[in-house]
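Please build the complete structure, drawing on both the sequences and the hints.
Each chain, written out:
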Amino acid sequence: MSADARLAILARVRQAQVRAYIPEAKAGLPERLAYPAMDADTRLKRLEEEFKLLGVEVFTEASEADVRKRVAGFISGKAILSWDAARLPYGVGACLDGEKVFYGSDDKHVQGQADIGLTGCENAIAETGSLAMTSGPGRPRSASLMPITHVVVIRREDILLGMGEFFRKFQAGASRDGSGLPYVVFITGPSRTADIELSLTLGVHGPGHVVAVIGP
Amino acid sequence: MSHFLDRVETALKDDDLKLALGRATDRLGSRRSASLASLENSDMIRDMARRAKMGLLTDLAGNLETFEKNLIQNGVKVHWAEDGKAANRIMVEIAKNGNCKRAVKSKSMATEETHLNHDLLEAGLDVLETDLGEYIVQLADTTPSHIILPIIHMTKEKIGEIMHRKIQVPYTSDPEKLAKIARAKLREAFLSADLGITGANFGVIDSGTIVLVSNEGNARLVTTLPRVHVVVMGIEKLVPSLADLDLMIKILGRSATGQKITTYTSLVTGPRRPGETDGCEEMHVILLDNGRSRILGGPIAEILGCIRCGACLNACPVYKNIGGHAYGDTYPGPVGAIVTPGLRGIKGWKALPDASSLCGACKEVCPVRLDIPRMLLELRKHAVEEADIPWSLRIGLWGFGMVASRPWLYKAGARLGGIAARLMAPDGWIRKLPGLAGGWTRSRDMKAPAPKSFQRLFLERKRAQGGRPAAPVAAGAAGGKETHVR
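Heads up: the sequence lines are chains A and B, in that order.
Number 290 marks the last residue of the first sequence (the working numbering); no jumps.
Number 517 marks the last residue of the second sequence (the working numbering); no jumps.
Hints may be right or wrong, so weigh each one.
[Stated by the list, open to error] Below 27 Å or equal to it, Euclidean Cα-Cα: the simulated BS3-like pairs (lysine-lysine) are:
(1) LYS378/B x LYS394/B
(2) LYS243/A x LYS100/B
(3) LYS49/B x LYS351/B
(4) LYS127/B x LYS152/A
(5) LYS143/A x LYS119/A
(6) LYS108/B x LYS182/A
(7) LYS119/A x LYS291/B
(8) LYS132/B x LYS49/B
(9) LYS208/B x LYS197/B
(10) LYS100/A x LYS291/B
(11) LYS463/B x LYS182/A
(12) LYS174/A x LYS216/B
(13) LYS394/B x LYS100/A
(14) LYS412/B x LYS351/B
(15) LYS132/B x LYS182/A
(16) LYS208/B x LYS49/B
(17) LYS189/B x LYS211/B
(18) LYS211/B x LYS174/A
(19) LYS291/B x LYS197/B
(20) LYS463/B x LYS478/B
(21) LYS126/A x LYS208/B
(22) LYS243/A x LYS119/A
(23) LYS291/B x LYS126/A
(24) LYS44/B x LYS189/B
(25) LYS211/B x LYS126/A
[What the hints assert, rightly or not] To give an idea of the interface, some chain B residues facing chain A are shown, with a C-beta separation under 10 Å as derived from the structure:
(26) ALA51
(27) GLU99
(28) GLU165
(29) LEU209
(30) LEU252
(31) LEU256
(32) THR294
Hints are computed from structural coordinates only; laboratory data are not their basis.
Heads up, the beta-carbon is just placed ideally off N, CA and C, and yes, glycines get one too.
What follows is the structure, given as structure tokens:
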């Protein structure tokens, strides 16, 4: 049934596209959008600014030890849903010792009881204040999604200017190992809705509170 | 179904609706301008986005085949649906084969278009909308009235009352408390659901990726927790590559709500991979035609480049006054006035392209610069060719054609008409025209024509100057066009 539909639709589309009136594109446009070169400090500043505008709490630390101390301050004594310890940068996994921790391998109802999610990220996008998260073994999607608070640790060298740079990196990677793009989510600030009379409400489904700890 | 004009009349009498609409559309409109102004090269980015969207339509069939091939390579099962009924049937089958009992949905205009919820409930499946606005729409058993703000037409008091009545929670009109109640209710549903249903904001051809944007995070939950994920998408929702997706993301959020980017942008490229602990185990994409191929084969093909941001709704003086429901189908506003007659055929929807002053505000704000006024005119032309035209109009047009093509008859008619009109207007204004022409004066007065017609003035001048005439003063000649609005 669906196979017949496929042929019928494709045949109709093929016929239609010949008759379609499709306006010409404007002349003189560049092939690709170019990203201006930006040094690491400027990128960091831009990211911090965007985070603040979005209501993301941001801490930029000078040493690995400071990162661990900052993270410990947020998670200690809470029920934590975390990436596998080995996947967290700056040895932050050590902060999980002695805490009540759930992992991606736990039942999802159990994961749902966590107060706080702890993750790293693939990249941060300075231009929009976004976290580019990719999922994979030991890096569950749920950790940045289910708990009401999300603590993310960002390596300074992973800050990119725009989303286009992130995509370029993956297009190159995808052609290398053929595994294609992983599941990606760009997270930009806390979960929000304005559905009720346009009044802004945070944390309607995802985290209502996002804490970014940027390392050296 | 009720007639367009009746729905408009109902909407115009609803003061709450007008107030809410006015507030919301103005705020969204000004946020949109501010956020586009802050985007460097925004004009160029819009032109590039338009180029990408228009370019893929020139070989939509080939692009669909490539997209399908890449989806399959990513482990996705692909289905094709001629119309809404077929899409729903496929969905029910997938649910049955996968032994699914409970479905959660994130906001999708495509499934509104196919009336999916109705067919799923009929097939014995439990289905819950999870976007806060859509959840309330579902509780209230109504339909969304704005593409991105489904309950823009409801007050918070009304929403509180609906939730109190339908899910037995204590009454409150505090948006924050209402959202908290919904979070708890819906979280339970997410955890017990085995089927996740979404639309698609974009389908990236060269990576075989489904892209979903949401501010609340429900689209993430729908693609993370249930075992089976089914996407319903129109065959036009493609972009060639991730580089083009970058362009679309830059303009979509800004045009919709004035955000630089929507809070969550998810790229789903197949089911979960080995070693992953969440994400669906089985993923399906249903490619829906439902009239789109018909739109492609004609003068309004351009509308298939629409990215559903809603900016044209917020800019439209007609939408601001009548709201979404008056448009009578899934897609409201200027875009709906083109898409609805396009998908469903002009018959029965003739009034939609007429409900526009062609002011051009929609074209101005459209992120991919769709020429909406041009397409509205095309549809009006089409309606005149296709639809039933009353005999009075036919005779009138035939008569006008006859007179206008015979100069002696036209001159005589104009002179006689002028004399008659001046007789009816002792003070220079005609209050009421006789017969069929009475429609013109029902809501306004008409100024009597000037004593000398344009042609007379022209001739007189020509004679006076003995040859080449200068143009006569326009004021006298244009007198007949002035109106008094009552």
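Verification of the supplied hints:
| no. | hint | result |
| --- | --- | --- |
| 1 | LYS378/B x LYS394/B | holds, 25 Å |
| 2 | LYS243/A x LYS100/B | holds, 23 Å |
| 3 | LYS49/B x LYS351/B | holds, 7 Å |
| 4 | LYS127/B x LYS152/A | violated, 41 Å |
| 5 | LYS143/A x LYS119/A | holds, 22 Å |
| 6 | LYS108/B x LYS182/A | holds, 26 Å |
| 7 | LYS119/A x LYS291/B | holds, 17 Å |
| 8 | LYS132/B x LYS49/B | violated, 41 Å |
| 9 | LYS208/B x LYS197/B | holds, 16 Å |
| 10 | LYS100/A x LYS291/B | holds, 25 Å |
| 11 | LYS463/B x LYS182/A | violated, 74 Å |
| 12 | LYS174/A x LYS216/B | holds, 26 Å |
| 13 | LYS394/B x LYS100/A | holds, 16 Å |
| 14 | LYS412/B x LYS351/B | holds, 25 Å |
| 15 | LYS132/B x LYS182/A | holds, 18 Å |
| 16 | LYS208/B x LYS49/B | holds, 26 Å |
| 17 | LYS189/B x LYS211/B | holds, 17 Å |
| 18 | LYS211/B x LYS174/A | holds, 25 Å |
| 19 | LYS291/B x LYS197/B | violated, 36 Å |
| 20 | LYS463/B x LYS478/B | holds, 11 Å |
| 21 | LYS126/A x LYS208/B | holds, 25 Å |
| 22 | LYS243/A x LYS119/A | holds, 22 Å |
| 23 | LYS291/B x LYS126/A | holds, 14 Å |
| 24 | LYS44/B x LYS189/B | holds, 18 Å |
| 25 | LYS211/B x LYS126/A | holds, 24 Å |
| 26 | ALA51 | holds, 7 Å |
| 27 | GLU99 | holds, 8 Å |
| 28 | GLU165 | holds, 9 Å |
| 29 | LEU209 | holds, 6 Å |
| 30 | LEU252 | holds, 6 Å |
| 31 | LEU256 | holds, 6 Å |
| 32 | THR294 | holds, 5 Å |
Of the numbered hints stated above, those contradicted by the structure are hints 4, 8, 11 and 19, listed in ascending order.
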